[in-house]
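Engineer: Residue strings, one per chain:
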Amino acid sequence: MDNELGSIETEMKRGFLQLLVLLLLEKDAYGYAMVRAFRDLGYEIEENTLYPLLRRLEKKGLVLGKWEIGEDRPRKVYAITDAGKKMRQELIGIWKKQDEIINHISKENKNV
Amino acid sequence: MFKNLENYLEEISHFLSGREEREEILSEIRSHIMEKAAQEAGAASEASLARVIAAYGKPRQVAEKYFDGRPVIAPGFERHLFRYTTLIFAIHLLFIIFAVVFKKSFIVFPFLFIPRLGFIEAVMYLPAAFLSDFGIVTLVLYFITRSGKEVKLPWPKFALDLDEVKAADAKTLASRIATMAGAGIMLALTGFGISLYLKHHSIFFISFNFKKFQPLLLPKPGQFISLAILTMIAAGTIVMFIKAFGASRRLACWVDAAADAVALVLIGLALHQPYTTLFAVAIPPRLHAWSHVSFIFTLLFIALMVAIDLVKNLVRLGRKRLQK
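Heads up: the sequence lines are chains A and B, in that order. For our numbering, count along the first sequence from 1 and bump the result up by 40. For our numbering, count along the second sequence from 1 and bump the result up by 227.
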């Protein structure tokens, strides 16, 4: 049962994390700062999941990564693009729609 | 430069080989690990890096997250892997039987060359033939998958759809009694066949006046063909008993497959006999050519049926192994 929950949770997180990254990048941020921000929000992610996701978003043109030499080591800072902002709005719309559906079913069925 | 970090990145790099952006990926990971170690321990050190590296994950798992997860063969084509391999192997098997029986080599340019084979060589060649057929089908399906095109692969319906071979349903009491009765009859038949064989070294007899029976075949070919038939009947009996007593279906499949293989060997040996020494009874000269062709055809037909049964059993066994 725990295994099943884990695998469904992973599937749900896959889409949710993309939206979360696009939301968080309202301000430019580097990878480790994003992981800490998620943690502060009570949302744990595997660190090694974030960078492949950012890379995919970069390839789709939704996010732009730029290396900066700060303090003593280079960091890659990510920013959301215009296409990313448009996508973010679309995804929020989908999310709200899904939320409405769940709320509607919950109201009609007390067991849910 | 921290040795443990560089070793870790080197291992990830190994699993990322072939990716253009490999250096960029490694730089991202290096930057993250250095940043975290510095934040958590004040400054990066071998010890703090070791903790961060352990939390980041095993090199192969880390590298695999960068792959799109595209399968080698698209799920929609997985059934075709079984279907086409079975079909091509059946054709391959037929060519091998021809090569043995007619003592000729075959070329289906540029895909297939079957040299003139002896019987034992042919048996040794079969696993390699199966693997090459499997490999060719896999390669073709791999390229179709990679192309990403919407391809509807054909499958002839006239052939036996081995892909849809299913395990027998659970037995009810009535069907178990029927199987038991069938097994009893088969046992009697096997016993009769064996006793006949032990006395006369053959199970094929002919009578022209229904009073006196005489062997139909000469001793040597009669022995091979009788043994092949007896093996199939005996295996059928064992399989029926296994099913009747509800024992492992897997065991039944193995027994059936082993009996098929032995029967194929014996049929092959029988086909190897020169025709002129086959029959123990005189055959009118005008029927010589006809009986020659019909005898070879009958044995080839039996061999084909046995080969199909063998492939079916191997499919069943293979599928059960995959399900595990």
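Hints are computed from structural coordinates only; laboratory data are not their basis. Some hints here could point you the wrong way.
[Claimed, not checked] Stretches of chain B that chain A covers, calculated by requiring three or more beta carbons in the stretch to come under 8 Å of a beta carbon on chain A:
| # | segment |
| --- | --- |
| 1 | 258-264 |
| 2 | 281-295 |
| 3 | 308-314 |
[Claimed, not checked] As a list, the in silico EDC-like pairs of lysine to aspartate or glutamate whose alpha-carbon atoms are at most 16 Å apart:
| # | chain 1 | residue 1 | chain 2 | residue 2 |
| --- | --- | --- | --- | --- |
| 4 | A | 106 | B | 238 |
| 5 | A | 100 | A | 122 |
| 6 | A | 99 | B | 251 |
| 7 | A | 99 | B | 262 |
| 8 | B | 292 | A | 86 |
| 9 | A | 116 | B | 238 |
| 10 | A | 106 | B | 250 |
| 11 | B | 292 | B | 377 |
| 12 | B | 292 | A | 51 |
| 13 | A | 99 | B | 247 |
| 14 | A | 116 | B | 248 |
| 15 | A | 106 | B | 295 |
| 16 | A | 116 | B | 250 |
| 17 | A | 99 | B | 248 |
| 18 | A | 116 | B | 295 |
| 19 | B | 285 | B | 248 |
| 20 | A | 100 | B | 295 |
All values reported here derive from a predicted model rather than from experimental measurement. Note that CB positions come from ideal geometry on N, CA and C, so glycine has one too.
Engineer: Indicate, hint by hint, whether the structure satisfies it.
Structural biologist: Verification of the supplied hints:
1. By the rule of at least three residues with a Cβ nearer than 8 Å to a Cβ of chain A, the coverage given for the segment 258-264 of chain B holds, with 5 such residues.
2. Counting residues of the segment 281-295 of chain B whose beta carbon lies closer than 8 Å to any beta carbon of chain A gives 7, which meets the minimum of three for the stated coverage.
3. With a threshold of 8 Å between beta carbons, the proposed coverage of the segment 308-314 of chain B by chain A is violated, since 0 of its residues qualify and at least three are required.
4. At most 16 Å may separate the alpha-carbon atoms for a hinted pair to count; residue 106/A and residue 238/B exceed this at roughly 25 Å.
5. Distance check on the hinted pair: residue 100/A and residue 122/A sit about 12 Å apart at the alpha-carbon level, within 16 Å; holds.
6. About 13 Å separates the Cα atoms of residue 99/A and residue 251/B, which keeps this hinted pair within 16 Å; it holds.
7. Distance hint between residue 99/A and residue 262/B is unfulfilled; the C-alpha atoms sit about 24 Å from each other, more than 16 Å.
8. Of the pairs offered as hints, the one joining residue 292/B and residue 86/A holds, with about 11 Å between alpha carbons and a cut-off of 16 Å not exceeded.
9. Only pairs whose Cα atoms come within 16 Å are accepted, and residue 116/A paired with residue 238/B is rejected, the gap being roughly 22 Å.
10. Between residue 106/A and residue 250/B the CA atoms are separated by roughly 15 Å; this keeps the pair inside 16 Å, and the hint holds.
11. Among the hinted pairs, residue 292/B with residue 377/B is inconsistent with the structure: their alpha-carbon atoms are about 27 Å apart, more than 16 Å.
12. Restraint check: the Cα-Cα separation between residue 292/B and residue 51/A comes to about 14 Å, which is no more than 16 Å; the hinted pair holds.
13. Between residue 99/A and residue 247/B, the direct Cα distance comes to roughly 13 Å. Compliance with the 16 Å bound is thereby established for this hinted pair.
14. Distance check on the hinted pair: residue 116/A and residue 248/B sit about 14 Å apart at the alpha-carbon level, within 16 Å; holds.
15. Between residue 106/A and residue 295/B the CA atoms are separated by roughly 23 Å; this puts the pair beyond 16 Å, and the hint is violated.
16. Only pairs whose Cα atoms come within 16 Å are accepted, and residue 116/A paired with residue 250/B is accepted, the gap being roughly 13 Å.
17. Taken as a hint, the residue 99/A and residue 248/B pair is honoured in the structure, with Cα atoms around 11 Å apart against an allowance of 16 Å.
18. For the given pair, residue 116/A sits about 22 Å from residue 295/B by alpha-carbon distance, which is inconsistent with the 16 Å threshold.
19. In summary, the hint linking residue 285/B to residue 248/B is not supported, as the alpha carbons are separated by about 20 Å, beyond the 16 Å threshold.
20. Taking the CA atoms of residue 100/A and residue 295/B, the gap is near 13 Å; set against the 16 Å cutoff, the hint holds.
Hints 3, 4, 7, 9, 11, 15, 18 and 19, counting from the list given before, are not met by this structure.
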